[in-house]
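Q: Put the two chains together into one complex, using the hints given.
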Amino acid sequence: MSKDLESKLPANPEHGEPKPGYLPVADIPHKPRVTDTDPKAARRAERQVASMFLLSMLLVVLFVVAYVTIDVSTVVYVPVLGEVGASNLVLGLTFGGAIFFIGAGAIQWSKKLMPDVEVVQQRHDMESDKGSTKEAAANYERGKEESGFARYPIIRRTLLGALALFPIPLVVMLRDLWQTPPGENPVEILSTTSWRDGERIVPDTGHSTGENVKGIRPEEIPVGGLVSALPMSIKELKEDPVANMRDRGKSAIILVRMDPDEIRAQQGEGWDYQGILAYSKICTHVGCPIALYEHRTHHLLCPCHQSTFDLADEGNVVFGPAARRMPQLPIRVDEEGFLVARSDFQEPVGPSFWERG
Amino acid sequence: MSTTNPAANPVEKAGGATATFVDQRLGSNKFLARNLSKVFPEHWSFMLGEIALYSFIVVLLTGTYLTLFFKPSMAEVVYEGSYIPLNGIYMSEAYASTLNISFDIRGGLLIRQMHHWAALIFVAAVAVHMFRVFFTGAFRKPREFNWIVGVALTTLALAAGFTGYSLPDDLLSGTGLQIIRGILQSIPLVGTWLAFFVFGGEYPGGDIISRLYSAHILLVPGLILALITVHLIMVWTQKHTQFPGPGRTNDNVVGYPLLPIYMAKAGGFFFVVFGIVALLSGLVNINPVWIFGPYTPDQVTAGTQPDWYIGWLDGALRLMPNWETVVAGFTISWNVFIPSVVIPGILFTGLALYPFLEAWATGDKREHNLLDRPRNAPVRTGIGVMAIVFYGILWLGGGNDLVATTFNLSINSISWTLRVLLIVAPPLAFIITKRICLSLQRRDREKLLHGYESGRILRLPHGEFVEVHQPLNEKELAVIGSKPDTPVLPAPQKTDIDGVRNPRYRLDSIRHTLSGFFYGDNIPRPSAEEIEAGQHHAEEQGAIEAPLHEYEERDVIFNAHGGVLHHPGMPKTNAEQVAEQESRS
Chain E
1 MSKDLESKLP
11 ANPEHGEPKP
21 GYLPVADIPH
31 KPRVTDTDPK
41 AARRAERQVA
51 SMFLLSMLLV
61 VLFVVAYVTI
71 DVSTVVYVPV
81 LGEVGASNLV
91 LGLTFGGAIF
101 FIGAGAIQWS
111 KKLMPDVEVV
121 QQRHDMESDK
131 GSTKEAAANY
141 ERGKEESGFA
151 RYPIIRRTLL
161 GALALFPIPL
171 VVMLRDLWQT
181 PPGENPVEIL
191 STTSWRDGER
201 IVPDTGHSTG
211 ENVKGIRPEE
221 IPVGGLVSAL
231 PMSIKELKED
241 PVANMRDRGK
251 SAIILVRMDP
261 DEIRAQQGEG
271 WDYQGILAYS
281 KICTHVGCPI
291 ALYEHRTHHL
301 LCPCHQSTFD
311 LADEGNVVFG
321 PAARRMPQLP
331 IRVDEEGFLV
341 ARSDFQEPVG
351 PSFWERG
Chain Z
1 MSTTNPAANP
11 VEKAGGATAT
21 FVDQRLGSNK
31 FLARNLSKVF
41 PEHWSFMLGE
51 IALYSFIVVL
61 LTGTYLTLFF
71 KPSMAEVVYE
81 GSYIPLNGIY
91 MSEAYASTLN
101 ISFDIRGGLL
111 IRQMHHWAAL
121 IFVAAVAVHM
131 FRVFFTGAFR
141 KPREFNWIVG
151 VALTTLALAA
161 GFTGYSLPDD
171 LLSGTGLQII
181 RGILQSIPLV
191 GTWLAFFVFG
201 GEYPGGDIIS
211 RLYSAHILLV
221 PGLILALITV
231 HLIMVWTQKH
241 TQFPGPGRTN
251 DNVVGYPLLP
261 IYMAKAGGFF
271 FVVFGIVALL
281 SGLVNINPVW
291 IFGPYTPDQV
301 TAGTQPDWYI
311 GWLDGALRLM
321 PNWETVVAGF
331 TISWNVFIPS
341 VVIPGILFTG
351 LALYPFLEAW
361 ATGDKREHNL
371 LDRPRNAPVR
381 TGIGVMAIVF
391 YGILWLGGGN
401 DLVATTFNLS
411 INSISWTLRV
421 LLIVAPPLAF
431 IITKRICLSL
441 QRRDREKLLH
451 GYESGRILRL
461 PHGEFVEVHQ
471 PLNEKELAVI
481 GSKPDTPVLP
491 APQKTDIDGV
501 RNPRYRLDSI
511 RHTLSGFFYG
521 DNIPRPSAEE
531 IEAGQHHAEE
541 QGAIEAPLHE
551 YEERDVIFNA
561 HGGVLHHPGM
571 PKTNAEQVAE
581 QESRS
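First to last, the sequence lines map onto chains E and Z. Here the working numbering is used: the first residue of the first sequence is 1, the next is one more, and so on. Here the working numbering is used: the first residue of the second sequence is 1, the next is one more, and so on.
The following block holds chain Z by itself, in its conformation from the complex (with noise of 0.2 Å):
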């Protein structure tokens, strides 16, 4: 590389020598020829993910740290350390190790602090960033292998938060894997052996903490690492989508390039999340494990919360009603089963296979880089709020104690509110989000139908009231006007023209109306034709209100609101009305 540059300083010089002798090698030099300059499309909602890839990076150093102090043992010790008030008391030495690394290991607490916070912002960020996926409608093809990978991803993340909260062995971590034993045991048939085999006997054994250990500092980690070795290849393989805009098709990528601009700005942010991790350790107290004391299964804390991104089990586990059967001497606990197996399994699964349903309903086989407006495709969207709805009532279930001690309420109605909230809020949540996206729709057709209304009211010499439209910018101009039509598969014949039975008949018969329950109520966009012409007329009508101005002051009103008067029937032209009255005058 720099070998073709004589006036290189001694440091690149020595670069291209190393890249030299690598690309002899490896043939990395046709690599970096390709890629170097990729480019990447911009958008603050692209950083979600970037988030989540850092603060795992975060996790994985900071959690290297901790296995060099933490020791995975249930073994029993008497705790000589500096927190005096658990002085001389009987714990695991998980626990122990735990305290030593938040009050004599200097750093240490920081350290723990940061893995925390870190898992916390991973998680979320893994979920918003999911979020946007969905919304946009990133997971259509070709993509459809990436959205499944983002989904395991989710669910690892969750592992990896669970078996990390478990380990430090105090009171409260304790208590969760109380409840994830009533859970094992719940599942039929094998439930009662999965226990044993999970604790090493019966509850809670002296093996699970090594053995969560092991799942936590290896498995999960080194899964979670592959996949994201595999999601960002796939990323950089097909290209980053993009939102509509100026310059934007479905077949060009519009951005920055990776050299310079992209590695100072993600790597940039990568050293700022970073940064503000250890800022808000050194500044904010997470999971103080001292204050609950070591774990013993005859104790509790009560008003206690698991992590944010497990408190949704919980809610489920509290909302469910009290069914249990006994079917030829063996027990279904439905209870626990339903909560804390069934529907997050159903969840996870929908959420896999979406990409895959949405396109079977709608007929979608095509390609998508174009990213979608969440109003153009309503009913997605209403699935998408739907979910974040149940979800968020599960959430609140899992803090209904909370809620009551917090606004004195009764237990009991809190937790029969969400039951049924939780089967009412999610429909009614669809149908509001879908009628939000048409009434949008409405209006952005509207937009580049008439302009946008700019607020100022202009009184015409015959004393008529109207609102000044504006043409829109281009950028508006190019982003209203990518929205795709998809068109509502047509409905198939029962049979052809022969008179020849069509065997597709009832299944195309779904398709057909599920894709009209998708697409069919969506408002279409005019034509380009048409949206020049009105575009051009509210540029003549922005154009008129200049003489007018000057024509006489007294007449502009301005008015927030307006458009009341204003009706595409009108008689006469503004220009033709003023040209009158010049012309009597």
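Chain E extracted, bound-state conformation (with noise of 0.2 Å):
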């Protein structure tokens, strides 16, 4: 049936010559050019050509200079740009310069001097014919019959076999793109972080650590302020940055004060310390670190693609692709005064994970 219903179709409407009901193939008009007809044009073409060339040659003489002279840390002032490095612009200018006016001196040539009549060429069936064809499948079928494909099961089914099974290896040496410590799985990991109960909260002073801090006293954090910190238990930047790294990306948290009349909820009965709250600081969408915090609202906003959490309403979320609250820590002061972690997480942190639960 469905070779019928192709055959219904013209054959070729657009192809070859006219077909009833199409338009005759019409001649290739050709308009010639001032060049063509004004030799004094064609000169003055010439001209251009060459003073491109010319031009390209002249900028990388600059820019070998301008390499040399200018100094890679001069700024300097140019209208319309601001401040930019004198380097880079004298650089890009003249290698783009002299790289351009080849391309241009080239086509100005192709266009005014060189034939611009078109030429017609013929295609041809890309189907190859009859003959090559039963050619090709004479010459499998002799294959076949000579190595004995067909006659021989067994071999075709070993053959077959270990050419299913020779990536294998290639396969499994990928295990050890993670070497894994004995006894540790992903499951295990993303589900703990490195609070316990006593581990002091030190401020994150950014990419250095703050050395030399003792911790964060409950009084330091003004009701409506945020803190960004970390467990006081971090490696140290040179010393251990892999450590150093994992622990920011997942024990990171923050540290926000509201008048405890505010607090709605929390994940759990007194988790705060008069008032003072811990959520951790990495979304439970994507994780992307959050500090986007609106103190009247107690409204925490993800940067990255505008999760938003409750915090006064135990991190509960109330708008955006997050599907999770986010993860409070409970926490109390030591002896000295600081503010410490009373366990960790009961929750893991950070985006979901198929065996999170």
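Hint data in this document are derived by calculation from the structure and do not stem from the laboratory. Think of the CB as a built atom: it goes at the ideal place given N, C-alpha and C, for glycine as much as any other residue. Any given hint could turn out to be false.
To give an idea of the interface, some chain Z residues facing chain E are shown, with a C-beta separation under 10 Å as derived from the structure [claimed, not checked]:
(1) E202
(2) L232
(3) V235
(4) W236
(5) T237
Listed next, the stretches of chain Z that the computed footprint assigns to chain E, with coverage defined by at least 3 CB atoms under 8 Å from CB atoms of chain E [what the hints assert, rightly or not]:
(6) 193 to 201
(7) 253 to 263
(8) 311 to 323
(9) 370 to 379
(10) 415 to 427
A: What follows is the structure in structure tokens.
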């Protein structure tokens, strides 16, 4: 039936000689250019092309001079662009110009001086002729016959089996992309952080960890304020960058302080300390760190995808693509009066994962 | 070659000797004889693919240069270069070496910016080139394979862009990686382990930069290079498609020969693209990684944007409702998995399969070397515009925070508006596009039957106003007259003459409906006889204007619109009426 349908289509309306109902193929139009008729214009075009190539050479010389003479740290003021590096500007202009004018010259040459008469070439069918197809099929049959591929099923099947299995080592060897420490698995690693009872909370002072910082006292956090913080046991960046980065990506928290009457709900009874609440800093959507806090509404907004959490209402999602509340960390003060954790988080922090449940 | 020409200069002699030397070993002269005069058709839109190719070469050249100075290492060092604000700060060697390239190596910033600019231009050119191929139907038989190679190249271009974006290890690129980790973790069943394998342990680990590096400088560009080669060989073998025009048929190629025209034009255009990238990089700053500072997983900057071609995925992540389900103790994060894995997966698969879907739905199995004008395939054009609108809304979603701060709007209302638009706008765009295409077809038909409206209004001696129509010129006639009429597939019979049930009835019914959907509304092209009659009539009408000018100048009224009083059922021809008046006087 499908063959019938196709046979009802016109053979190929725009193919070859005009079919009934189609217009005859028109001649290709051509208008002579000024450079074709006026020798003066042709010479002018010749000069233009040569000047562009000459300009290119000149710019290369200027590039080398600029490379040697302009100090890489020199800053100049250029109208419109503002304060820019002189070296980058001049190198870019001379290098770019040198290349550009080769191209512009070549194109001008082809447009003005080379023939602009369109020519016709015939296309050939992609499909092979019947003879070749037959010959190919015969070759295949001969190969099949001579190799006995069809006659020796055991050889055939074992070969296919061997070919199917041989890539396995290539895949297996990828296993140690993560050299798993003994007894560890991703689910446990993702479910725990460095926080434990008595772990002191230290302020996060940016990329260089605060050295010699003892901790944070409750009175240091004003009502409405937000402090980014880390566990005190975090490894020094220079000593163990991987461990340091890992803790920053997982154990980072924010401390916010609000009037205790404004706290509508917490994830656990009395997990705050005098209105100071500790929440994970890692978004439960895809893991961006969050620190955009609106202290009147107690909303925390993720700058990446705008998930919004209400910290006065146990960190619940109020808007955006995040599906889970921000995990809360229970806190207290230790004997010296510094804020410490009371335990680890009671649920995994950061983005969801399959085994999270 | 030159051995046949005794007057050749020494350089040409040497060249000829080399050609002979190579030919005796590879038989290359046969190839040159066939191909040096190969004809390529010309159209501005055919340069889009060239831009992609040339900017990729620039990316390769500048990228090679960057590898000489960049250190793909996450080891922490103290920065002691000449960028004062970051002096004495701990950072990864990757970031420190990027700063070194930007501030202390002469020309380093230029090359880095050229790499980034050329990469952006590469992806943009790939995308626009793909639009061109889609909207003109250049993917149809026999070029379906090359379309698939093109879709693979597009995907690889995105991969190349993203892996490169993540290498400098500044705060911005690290945040992108953090999101990738969240996306990996959302994949059901294997996601958690996959994330650990990719990062060599818990995020961020110490391996990701060097792993991305090998993908970015070896694996991905190697694949792109191989596929570009295949892409070009196919274009070469199948010969380029051409737009309809005088002298152009489905069986020929009309254009200029490779030597010398395209050698000069395409070669020159390579230098133009290269030069513009260099000029742009000298003048316009891009990705100033130094202002963001080194990456640390507990910091982020607000209002930051990924490169434009990733923005739509970020937008999809933002607009997705927060769905997550727990089934038998396992979590499925629909809110992350759908926008970042499922949607791009469906989009790219659909894109790759489109040529086959369309051929199946329309029953069109013919070879097509003449390009379609987008209006003549309204459904395809509508689908294309629909996809662009869908993409555009997601992209806008990727910048919803910028929209909010710029226009002082609430981010919640923007997100909700975009969520609704994402569902409503694409079908609307489809309908509008299809209607516009059909209207353009109607206008084409009018032009073929009556010539074009000249805008000149003529008052006839008996007082009637008509607009003068003029015949189309040769080019327009060839272009408009080339419209292929693709018939709708006939409705299948339930049973054949002998009453035997047609086993393909349901499938063919679907094809009948689909092909009707594709081409059923098309305005039929008039026959050659009708066109000739119409053009002839317009010619006559144009001719009558001249003597009338002289006859009574004040009767000619110029008007930009017109055509109101012109109707086909006029009792007498203009010429007859003029003659009548003349005989009376």
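Q: Can you name, in rising order, the numbers of the hints this structure does not satisfy?
A: Of the numbered hints, 2, 3, 4, 9, 10 do not hold.
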